[in-house]
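As they're listed, the protein sequences go chains A and B.
The opening position of the first sequence corresponds to residue 0 in numbering that gives the first Met the number 0, with each subsequent residue numbered one higher.
The opening position of the second sequence corresponds to residue 0 in numbering that gives the first Met the number 0, with each subsequent residue numbered one higher.
No lab work stands behind these hints, which were simulated from the structure alone.
Small disclaimer: the values here were computed from a predicted structure and weren't measured.
All C-beta atoms, glycine included, are put in the ideal place defined by N, C-alpha and C.
Be careful, since some hints might not be right.
Claimed, not checked - Just a few of them, taken from the derived set where beta-carbon distance is under 8 Å, the chain A residues facing chain B:
id : residue
1  : 31
2  : 164
3  : 165
4  : 178
5  : 188
As the list claims (entries may be wrong) - In silico negatives: residues of chain A with every beta carbon more than 12 Å from chain B:
id : residue
6  : 7
7  : 66
8  : 121
9  : 149
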Amino acid sequence: MRRFTRLEAVAAPILLENIDTDVIIRIERLVGNGIRGTLAPWCFGALRYLPDGSEDPGFVLNRPPYREAGIIIAGRNFGCGSSREGAVWSLQERGVTCVIAPSFGDIFFNNCFQNGILPVVLDEAVVSGLAREVEESQGAGRVTVDLEHCVVVSPAGRRHPFQVEARRREALLQGLDEIGATRRQAAAIEGFQARDRQRRPWVYVTGDPA
Amino acid sequence: MAARTLFAKIWDDHVVSDLGDGAVLLHVDRHLLHDLGGSRGLLDLKQRGLAVQSPELTFATPDHAISSAAGRAGTTETGWSLLDALRAETREAGIRLFDVGQRGQGIVHVIGPELGLSLPGTLIVCGDSHTCTHGGVGALAFGIGSSELSHVLATQTLVQRRPKTMRVRFEGALRPGVLPKDLILHLIGVIGAAGGTGYAVEYAGSAIAAMPVEGRLTICNLSIELGAKMGFVAPDETTYAYLQGRPYAPKGEAWEHALAAWRTLPGDPDAAFDREVAIDVAGVAPQVTWGTSPEHVVAVDGTIPDPTAEADPVRRRAMEAALAYMGLEPGGPIAGTKVDWVFIGSCTNGRLSDLREAASVARGNRVADGVRAWVVPGSEIVKRDAEAEGLDRVFTQAGFEWREPGCSMCLAANGEVVPPGQRSVSTSNRNFVGRQGPRARTHLASPAVAAAAALAGAITDVRRPA
Ligand code: SF4
Chain A
0 MRRFTRLEAV
10 AAPILLENID
20 TDVIIRIERL
30 VGNGIRGTLA
40 PWCFGALRYL
50 PDGSEDPGFV
60 LNRPPYREAG
70 IIIAGRNFGC
80 GSSREGAVWS
90 LQERGVTCVI
100 APSFGDIFFN
110 NCFQNGILPV
120 VLDEAVVSGL
130 AREVEESQGA
140 GRVTVDLEHC
150 VVVSPAGRRH
160 PFQVEARRRE
170 ALLQGLDEIG
180 ATRRQAAAIE
190 GFQARDRQRR
200 PWVYVTGDPA
Chain B
0 MAARTLFAKI
10 WDDHVVSDLG
20 DGAVLLHVDR
30 HLLHDLGGSR
40 GLLDLKQRGL
50 AVQSPELTFA
60 TPDHAISSAA
70 GRAGTTETGW
80 SLLDALRAET
90 REAGIRLFDV
100 GQRGQGIVHV
110 IGPELGLSLP
120 GTLIVCGDSH
130 TCTHGGVGAL
140 AFGIGSSELS
150 HVLATQTLVQ
160 RRPKTMRVRF
170 EGALRPGVLP
180 KDLILHLIGV
190 IGAAGGTGYA
200 VEYAGSAIAA
210 MPVEGRLTIC
220 NLSIELGAKM
230 GFVAPDETTY
240 AYLQGRPYAP
250 KGEAWEHALA
260 AWRTLPGDPD
270 AAFDREVAID
280 VAGVAPQVTW
290 GTSPEHVVAV
300 DGTIPDPTAE
310 ADPVRRRAME
320 AALAYMGLEP
330 GGPIAGTKVD
340 WVFIGSCTNG
350 RLSDLREAAS
360 VARGNRVADG
370 VRAWVVPGSE
380 IVKRDAEAEG
390 LDRVFTQAGF
400 EWREPGCSMC
410 LAANGEVVPP
420 GQRSVSTSNR
430 NFVGRQGPRA
440 RTHLASPAVA
450 AAAALAGAIT
460 DVRRPA
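Working from the sequences, and respecting the hints, build out all of it.
See the structure below:
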């Protein structure tokens with residue numbers, strides 16, 4: 000997994016609420032086993048393109064300097080909907096490694112941490128204030144997200160502390176993979192299953208019925 | 000011991016170890032794979048040089064990427080290659096696959112309960128957000144992403160944080176024409192599409208107690224549309240009667256043993272929840288969505304809302320964008336809105352009871368000119384049972400198409416899409432922008448409302464058909 004320590008980047012405000020994962024990446028882009036690395040053009044496909052397939056100049060990520068955005072500033076419940084991790088992959092392939100919003104869809108939030116993307120939860124008023132500062136600078140004012148000190152610094156230098164679970168912070172800072180860590184618990188897992196087979200034997204009887 | 004909720008009992012039962020800082024390692028009892036992500040996960044594991052930890056607790060079926068046409072004829076090349084990969088990888092790993100045409104195949108969330116794989120008190124995961132459906136039999140069930148899927152394959156566990164708990168009590172008796180789908184859509188309208196974010200939701204109350212398991216599965220299915228990763232109903236006699244005799248449910252002495260354990264699962268009477276919501280179901284009418292979030296919902300005899308009346312600017316903008324996308328004007332009745340497509344199926348409403356509801360509306364009537372109406376059974380077993388009682392003929396005689404089981408037009412990843420700009424009434428769970436195809440306009444509704452829309456060629460109050 001990629002590490003995340005500190006990011007200073009252009010931030011693009013997309014202050015809609017309930018932006019779902021279908022809007023972030025359409026399903027047909029995710030069908031197949033060789034899709035990684037092909038997703039950048041389709042990130043936010045539902046918002047980025049006009050019906051004739053050309054780019055919608057009205058959509059923020061189609062305008063400089065937001066095209067180069069490394070951070071998205073979003074509305075409530077960002078990433079709600081499906082569990083598709085392709086939503087995170089497409090953001091990452093597009094160069095976005097941090098999303099700041101008042102709240103997130105639970106599964107999307109989890110998926111971010113699995114890929115080295117940092118979802119930052121800040122108060123709604125702080126999020127809209129950040130977006131306003133960015134817009135007033137026409138995107139030139141960069142936003143800094145510092146995971147070591149757990150603080151977001153706005154273009155005008157306002158510091159907004161945020162919280163992130165210590166375990167997850169550590170994993171992001173070091174780029175640690177969860178599977179490796181859990182595999183070190185193999186004995187505990189086997190012990191659990193052995194006890195559980197006594198306690199709930201019916202869970203483990205799964206052969207085809209006669 | 001302090002009073003515990005159903006959620007706490009099942010959760011505590013699955014803790015393998017405490018990782019500190021609020022995270023625990025949980026044991027997974029059932030891991031379900033489907034054709035979109037199953038082979039990808041198994042290939043990922045191979046690449047890491049790891050084996051599947053518990054293949055006997057893992058089950059697979061194709062549903063998302065296969066076409067629902069006869070002979071699966073419309074399946075795309077990629078769809079076939081995903082199915083081939085799923086076949087090869089499950090065979091190699093020793094995982095039971097319910098293949099096309101076999102009893103047992105179907106939408107992963109329909110087959111789990113139907114086969115008796117999903118049991119009370121179990122922890123069930125699948126790389127699909129509607130895994131919450133299985134909560135209808137009293138399980139903790141939730142969707143996971145691709146990385147977590149690989150984690151479960153490799154370790155049969157997941158690292159999770161304990162969510163807060165919410166109880167939603169549906170009290171009273173449903174009015175005629177009102178179905179479980181209407182109750183859950185109404186709830187989402189009341190507390191919002193993020194109302195359940197961060198919560199595990201227990202559905203309770205007299206309306207749930209009186210509801211058959213299939214209706215409970217529908218309610219739990221839309222937990223994710225409420226923002227909740229999981230939703231469930233405490234198991235009761237209705238649950239046990241539903242499960243007894245199902246192919247993979249415990250038998251004989253094992254059944255008695257399991258039953259005794261399951262009876263201890265319901266929450267203690269004085270257990271506390273972090274949030275409580277009560278809905279008087281007698282006040283709920285059939286529902287239909289007007290916008291692009293499931294919270295954009297009104298009674299079918301209601302009015303398309305006016306964004307200018309919304310004080311919150313973010314919400315107002317979302318409403319305006321939704322109305323523009325849906326091609327609707329605020330202020331008028333939603334009934335009478337012309338429709339082009341009707342889709343009856345999905346893990347929300349693709350079970351036998353749903354098809355019976357739709358058939359009872361369709362029987363002896365005709366689909367309106369210019370409307371295409373599909374009925375896609377949720378599983379091979381649903382299909383065979385429906386055909387055995389003649390529902391397929393009720394539908395085809397009324398001008399509906401009767402198709403093969405799978406996800407079909409619910410997500411449009413199998414070549415089955417609502418054409419751009421066309422309007423669909425769908426019994427599925429997502430009316431997101433482009434969900435049923437680029438620029439497709441989706442109205443979510445119950446099977447009865449959807450069938451009535453097919454006959455009328457417009458959204459119509461199923462209680463007073465046009
Ligand atoms: S029917 Fe629709 S919501 Fe259900 S699993 Fe299939 S695609 Fe997902």
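Hint check:
no., hint, result
1, 31, "5 Å, holds"
2, 164, "6 Å, holds"
3, 165, "5 Å, holds"
4, 178, "5 Å, holds"
5, 188, "6 Å, holds"
6, 7, "27 Å, holds"
7, 66, "22 Å, holds"
8, 121, "15 Å, holds"
9, 149, "14 Å, holds"
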